[in-house]
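Enquirer: Here's the letter readout for the chains.
Protein chains: 2
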Amino acid sequence: MTDLNSQLHDALQWRYATKQFDPFRTISAADWNSLQQALLLSHSSYGLQPWKFIVVTDPALKQQLPAVCWGQTQPRDCSHFVVFAARRTVDPQFVQQYLQRIAQVRSVPVTALEGLGTAINSKASRMGSEQLAWNSRQCYIPLGFLLQAAALLRIDACPMEGIQSDRLDPLLNLAGSDFTSVVACALGYRHAADRAALDAKVRFAAEDVIVSL
Amino acid sequence: MTDLNSQLHDALQWRYATKQFDPFRTISAADWNSLQQALLLSHSSYGLQPWKFIVVTDPALKQQLPAVCWGQTQPRDCSHFVVFAARRTVDPQFVQQYLQRIAQVRSVPVTALEGLGTAINSKASRMGSEQLAWNSRQCYIPLGFLLQAAALLRIDACPMEGIQSDRLDPLLNLAGSDFTSVVACALGYRHAADRAALDAKVRFAAEDVIVSL
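If you read the protein sequences in the order shown, they are chains A and B.
The first sequence begins at 1 in the numbering used here and counts up by one.
The second sequence begins at 1 in the numbering used here and counts up by one.
No wet-lab data here; the hints were simulated from the structure.
Where a beta carbon is used, it is the ideal one built from N, C-alpha and C, also for glycine.
Be careful, since some hints might not be right.
[To be verified] With the Cβ distance kept under 8 Å, some of the chain B side facing chain A (calculated, not the full set): (1) I54; (2) Q100; (3) V110; (4) L153; (5) A206.
[Said to hold, decoys possible] Quick look at which bits of chain B chain A covers, simulated, 3 or more residues with Cβ under 8 Å: (6) 123 to 137; (7) 186 to 199.
[Stated by the list, open to error] In silico EDC-like links for lysine to aspartate or glutamate, alpha-carbon gap of 20 Å or less: (8) K123(B) / E161(A); (9) K123(A) / E114(B); (10) K201(A) / E114(B); (11) K123(A) / E161(B); (12) K201(B) / D10(B); (13) K201(B) / E114(A).
The following block holds chain A by itself, in its conformation from the complex (with noise of 0.2 Å):
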């Protein structure tokens, strides 16, 4: 057992998602850096980054999020509100918009991609009304990416499915745009009062959930 063995565990083992956050603490400069940073990281399928990632830390702005976050006080009360932003679709323009910047980043010339383009555009298609949940799902994994790197770095998270995308998206400028909320996730730090804090945590035996074959 490595110390990075054990420093992971520590930190998954403490992370929870906490209910009420300390409306007085900020996440610093640097912390919030690392947090973009496993954000902009983060796999997507083909590397697409099919997502905007609204990060919303104004305090007026804030005040209206409860009230279309079915009441939860999270967002209001924590420090970084980030909320993933799903591409609603995959349309050639965005696949060749993705290659150009494949290009740009390598030195190589975008006909060289021109195979990727086919094969990405080739999937997009066979999705058809499908796009936007493809994307939904991508979005978990950067949601995934940044719980962890929380931890580490013990920041208190609260991933939140419960956002009203419909009354959400005009807040944050999304509405008629190409992209539209689907999960979100408060950071900051936890409030003393929060007695979520004190819960155990719940899985089930790894035996009822891992399969060896």
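Following the hints, put chain B in place on chain A, whose structure we already have.
Expert: For chain B alone, kept in the frame of chain A given last:
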């Protein structure tokens, strides 16, 4: 910048979707234990853990995997091949099983959890035929946990949506069960000949992905 911030950053920069694994290298028991913990301790909506993780290490079974993964060789050549199988439904019986687990772990009477049970059953009921889609999204959170944990431990990984569930499920004894495969991840060590390791990582510019409000 603490040591952990830079360790995390280095790990995320280091990782890439491995195309070719070294078939002669195996993940140590201690490292595998850490990866398994990352799976088990992953977050999920309501903590429901609507999944099973099928871990394939048997050489004979691994030989059969490329044929049901569009010919991809990573499942065969890697050390541990993890299949994320989602529950097809969130039925009241499963919810009850979850409540009983909470009661057991936290030493509370299961009757004290009735409100939670009603909330989950009510959400599942609203989901209707979307329960599998809901559970499938959840599977991408432990995928994120697994990928980041592997990177920290310098274990290579290749997340794979390219699995043929209808043909893979029977091999994993999932056919006719409450579970179906939704995504997978090959884990082990890159082959020295894997040219993908040399490719520069491609991400959109931060300002194209992060929106600060």
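Enquirer: None of the hints should be skipped; say for each whether it holds.
Expert: Here's how the hints hold up against the structure:
| no. | hint | result |
| --- | --- | --- |
| 1 | I54 | 5 Å, holds |
| 2 | Q100 | 10 Å, violated |
| 3 | V110 | 13 Å, violated |
| 4 | L153 | 6 Å, holds |
| 5 | A206 | 6 Å, holds |
| 6 | 123 to 137 | holds (count 3) |
| 7 | 186 to 199 | violated (count 1) |
| 8 | K123(B) / E161(A) | 11 Å, holds |
| 9 | K123(A) / E114(B) | 44 Å, violated |
| 10 | K201(A) / E114(B) | 19 Å, holds |
| 11 | K123(A) / E161(B) | 11 Å, holds |
| 12 | K201(B) / D10(B) | 13 Å, holds |
| 13 | K201(B) / E114(A) | 19 Å, holds |
Hints 2, 3, 7, 9 from the list above are not met by this structure, while the remaining hints are.
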